[in-house]
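Here the structure of chain A is known, so what remains is to put chain B in place on it, guided by the hints.
There are 2 protein chains.
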Amino acid sequence: MTAAYDVVAIGNAIVDVIAPATEAFLAGEGLQKGSMTLIDEARAASLYDGMAAGVEASGGSAGNTIAGIASLGGRAAYLGKVASDQLGEVFAHDLRAQGVAFDTPYLDCGPATGRCLINVTPDGQRTMATFLGAANQLTEEDVDPAVIQASAIVYMEGYLFDPAPARKAFARADEIAKRAGRRIAITLSDVFVVERWRDDLLAFMDGSVDVVFANENELMALFRTDDFDSACERLRPMVEIAAVTRGEQGSVILNRGETHRVEAFPVQRVLDTTGAGDQYAAGFLFGLARGLPLQTCGRLGSMAAAEVIGHYGPRPQTPLKDLARSQGLLA
Amino acid sequence: MTAAYDVVAIGNAIVDVIAPATEAFLAGEGLQKGSMTLIDEARAASLYDGMAAGVEASGGSAGNTIAGIASLGGRAAYLGKVASDQLGEVFAHDLRAQGVAFDTPYLDCGPATGRCLINVTPDGQRTMATFLGAANQLTEEDVDPAVIQASAIVYMEGYLFDPAPARKAFARADEIAKRAGRRIAITLSDVFVVERWRDDLLAFMDGSVDVVFANENELMALFRTDDFDSACERLRPMVEIAAVTRGEQGSVILNRGETHRVEAFPVQRVLDTTGAGDQYAAGFLFGLARGLPLQTCGRLGSMAAAEVIGHYGPRPQTPLKDLARSQGLLA
Chain A
1 MTAAYDVVAI GNAIVDVIAP ATEAFLAGEG LQKGSMTLID EARAASLYDG
51 MAAGVEASGG SAGNTIAGIA SLGGRAAYLG KVASDQLGEV FAHDLRAQGV
101 AFDTPYLDCG PATGRCLINV TPDGQRTMAT FLGAANQLTE EDVDPAVIQA
151 SAIVYMEGYL FDPAPARKAF ARADEIAKRA GRRIAITLSD VFVVERWRDD
201 LLAFMDGSVD VVFANENELM ALFRTDDFDS ACERLRPMVE IAAVTRGEQG
251 SVILNRGETH RVEAFPVQRV LDTTGAGDQY AAGFLFGLAR GLPLQTCGRL
301 GSMAAAEVIG HYGPRPQTPL KDLARSQGLL A
Chain B
332 MTAAYDVVAI GNAIVDVIAP ATEAFLAGEG LQKGSMTLID EARAASLYDG
382 MAAGVEASGG SAGNTIAGIA SLGGRAAYLG KVASDQLGEV FAHDLRAQGV
432 AFDTPYLDCG PATGRCLINV TPDGQRTMAT FLGAANQLTE EDVDPAVIQA
482 SAIVYMEGYL FDPAPARKAF ARADEIAKRA GRRIAITLSD VFVVERWRDD
532 LLAFMDGSVD VVFANENELM ALFRTDDFDS ACERLRPMVE IAAVTRGEQG
582 SVILNRGETH RVEAFPVQRV LDTTGAGDQY AAGFLFGLAR GLPLQTCGRL
632 GSMAAAEVIG HYGPRPQTPL KDLARSQGLL A
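From first to last, the protein sequence lines stand for chains A and B. Counting from 1, one number per residue, gives the positions in the first sequence under this note's numbering. Counting from 332, one number per residue, gives the positions in the second sequence under this note's numbering.
Honestly, the hints are just simulated from the structure, not real lab data. Note that the structure is predicted; figures quoted are calculated from it, not measured. Everything hinted at is true.
A few chain A residues that don't get close to chain B, going by computed Cβ distances all over 10 Å:
1) GLU41
2) GLN149
3) SER208
4) GLU233
5) MET238
6) GLY247
7) PRO266
8) ASP322
Covered stretches of chain B, as calculated for chain A (at least 3 residues, CB under 8 Å):
9) 383-389
10) 409-419
One side of the interface only, derived from the structure: several residues of chain A facing chain B at Cβ under 10 Å:
11) VAL15
12) GLY50
13) GLN86
14) HIS93
15) ARG96
16) ALA97
Backbone N, C-alpha and C define an ideal beta-carbon position, used for all residues, glycine too.
Isolated chain A, as found in the complex:
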């Protein structure tokens, strides 16, 4: 069956609150720079009290990725849970305005729409504290079989390993995708996710996953090693394709016996690295769904990542399709 969607993404549906911060503020709040910490509603309120004035923008790792795929001209769908409140309305609007199909029912009686409090230090690094809220309530009933069956690639966040009901949604989507002959892709998301769920992630990757995204720290944490190359060789036989990002050093793509190296795109000024990994995945997955060579997939990823770190906010502000054309990456 031809796929109606290039990619369906399943993720924690989150609105970002982005504000500048000092290193001292992070230390005082006990936040480790560059990490993502899960917090409850009370902690979210007290942390927000201490933060500087900010801006709000729809986020969530897989939500950012799917917005990027749509920005490249991809046909895209999203599954994730928001509440029927103002931030939920914003989240849904921003996906639909980008052309992403989003029909997960809103949560009516329960926690508010999830929020990620992002403190951006002057070096452009982001430190995230996430109150999952309604995102925590994604269940297997929210997994629409028709959407999964209609998507060439089903993409899931490692972050989804945290909420227990979402794990079941994850498993259900995997089962439907397998039966429909669709590819499964995941991102490891975060070093702390890897630490929390190492064995589950490894088992899932070995048994089910076709495409994995990781940055070098996540990959080395997964195999408890300091040696990048040996971590790559342990990952290689587990999946069909692995794309490992290395910041300014670009990315490495493993595909069975082959290894492709892709350079990072030049960036005038790094303002906020939020969403860089998400956009790399967007470019790569779009290329993969369209059957482009892996080197081109990687370059589309690098290009999309470069767009997003040049401004505040985790989603592209320039249509990625236009950028890709101007770079000769798309016809």
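Below, chain B alone, put in the same frame as chain A:
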């Protein structure tokens, strides 16, 4: 009595939703480029449906101005009405995080926090459609006499002439300020506000206002003339000080017999002009409250306006105090 606050601002408390748009979209929605239109909740919902993905940021003209004054190191307070909902929480947080005293009680049973849907065309111009919501419910009971008495300058938006209860709040603040010997400043806000409330504005200016802010279009609309100089001469005897902005041509300050001309600050790239007038008022009012020469007040205004048009969002992203010091405008 020494003033505890340099400025208290009274305004429509609004959260901005900012998205890129084409000229064709504005035409299709019947919106006149550069204007501010009042809309109801149903129209806000349908317009939002058609808008591109955006970002949310606390706004409201006087709210932006008071945030700018705090960013300059000024002691600042704000009176305005938000609902006890997520956007209201964001609005209050952003003011307090900036150091602005904000204690107007939240609206509990009534419309949601007000929203301004801002479509930014590629030329950087913003076209605004405002659903006032809770902002519409500011009443004279919300005017805290202690705050008015403690402020060197009481600053009010022309936009406040629209909601009937706010008009009474306006009058009450004026009465308290007069008794305490405080200065009254207003901005004309918008050409359409001038058209709707010309006689009321003229009567209020003539009887009560010490300092008025206007752009050249608003000023010429006020006196129904195409001649800038004659409009200036009609305004001059009505108020102690008038600051009239002219975009790239800078501003003109009228002070009884004196006229000061101030150049615009150079801007690398105009991205979004939302908040330019608000920040001009911020710089000017801060200088005035601190007793600086009018030429310096104007330059502080030009500097603050230049900061805000170089990025999306209506409030400064760089501390204005640091900018002013680097320009030699503050010690």
